[in-house]
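Novice: Here are the chains, one letter per residue:
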Amino acid sequence: MNRRFAVGDGVRVRVAEPPGHVRTPHYCRGRIGVVIECLGAFANPERLAYRHTGSAPVPLYRVRFRNAELWPSQHAGIDETEIEIFEHWLEPAPAATHA
Amino acid sequence: MTPAAVQDGLLPYHRRLGRSLRDVLLAKGVFTDAELQREIAQIDSPTPGNGARLVARAWVDTAFKHRLLENARAAAAELGIDTGPRPLRVVESTRAVHNIIVCTLCSCYPRFLLGQPPAWYKSKAYRSRVVREPRAVLAEFGTHLPADMIVRVHDSTAELRYMVLPLRPDGTATLDEAALRALVTRDCLIGAEIVRAPATLQT
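These protein sequences, in sequence, are chains A and B. The opening position of the first sequence corresponds to residue 0 in numbering that gives the first Met the number 0, with each subsequent residue numbered one higher. The opening position of the second sequence corresponds to residue 0 in numbering that gives the first Met the number 0, with each subsequent residue numbered one higher.
Chain B extracted, bound-state conformation:
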């Protein structure tokens, strides 16, 4: 049988290499196709919704917020969320400091919690520019911050993975936890954007 990867001559080199390796491992019985599919499903299953749940709970429960900042793994476990094998650090954005995450060396990201990173997060443009000119990059995401607010870039170069606890927007005091959760997008958890109140609540 011709390995599936060889049939498509247009595949980029590394994809072809990966598929060929997969086919060889399957042929040798190192793992089964069912095991492979389960693993792929597992990798694809986390979503930014996990992070949004942590954020919304932290906004409505100050004691939980402190636990989340102190030990994210233990706090997430309270909500039945597994943060994965790597230590997770949650950094809190305030009126004084805005946090934004990058991995300049590759594309380290809390995948186990939030799923796969967006393509822009892995791009050389983002990785090289956000450390050098963070405010210009933020502005391209529509995020304009006061001059007296510190922008703090976290370069995940080694063992920790980072998630931003964004600032709760003004005008959301009447929203319950579920409504707050819906405001928190993936890009807010990276710090590229700030969380905005629904237009109906904005003054």
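The following block holds chain A by itself, in its conformation from the complex:
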């Protein structure tokens, strides 16, 4: 399977508003995190929900975000959030602040 990202890579979640059955929460769109695990490839829920079963599986990643990145207005401190995100929602980003 060809994967675009590896563990440790910085990624930014795309900012997009496609209609339909999207499994990427709004609160992480546009935010930068780091890939902590590559889970393999799975059927794209955005197509599967409408019975399009023929398309190629999409790599899925666990991405870790600092809560301070997700919620700049909160006093998020050291807390973190991990989210499963499909590859087509991710683009490369510097991960320097996410060591």
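Please note that a few of the clues may not be correct.
Unchecked claim - DEER-style ranges, computed between Cβ atoms: (1) A:67 <-> B:143: 33 to 39 Å; (2) B:79 <-> A:7: 53 to 59 Å; (3) B:143 <-> A:41: 34 to 40 Å; (4) A:53 <-> B:173: 57 to 63 Å.
Claimed, not checked - Chain B stretches covered by chain A per the calculated footprint, using a threshold of three residues with CB under 8 Å from any CB of chain A: (5) 72-85; (6) 157-168; (7) 187-194.
To be verified - Simulated coverage check for chain A against chain B, where a stretch passes if three residues somewhere in it have a Cβ under 8 Å from a Cβ of chain B: (8) 4-13; (9) 17-27; (10) 37-50; (11) 85-93.
Keep in mind that the hints were calculated from the coordinates and are not lab data. Quick reminder that beta carbons are idealized off the backbone N, C-alpha and C, glycines included.
Following the hints, put chain B in place on chain A, whose structure we already have.
Specialist: The following block gives chain B in isolation, referenced to the frame of chain A:
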């Protein structure tokens, strides 16, 4: 015959819709009532006790713990527990990191292992707040964590289902596996609460 669902005009819309669909499928012979009852019993049969068994074994057997964290399905099978069709991931809480599970998009939960989630887990209040202010939500469950302990929220947005392996409480060295199992509640497996030692053992 009047379908049962139609007799009660007070049923909420979706329940009425579900019951009507059930009645039509039964009437058309798509499945029998006995098959339906078996399926309901199957869905209702898992309990948080399954998770407590995994946790207690992991606490007393470090090699098992590593296997559980590496491949929860295979480790659970050693105890005769089926984790279900979805991949299950067990995340370990330590003195450095406390884990808590949510599904902000709907109510994904390891139902096959633990049974049905509590109502609060499915509530919009929990789902929206625990990602935004996890410590405030934890405090409402009576869970107060040190400032230097990371709270790590797991949003089960896609393929995996998550269960927390809680931190074994201090003062429980003398307890056997069965006694440990009894300490592990459902809310500890979600991460809303920490496991506490029995009052008689607390110092």
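Novice: Looking back at the numbered hints, which does the structure fail to meet, lowest number first?
Specialist: 1, 2, 5, 7, 8 and 11
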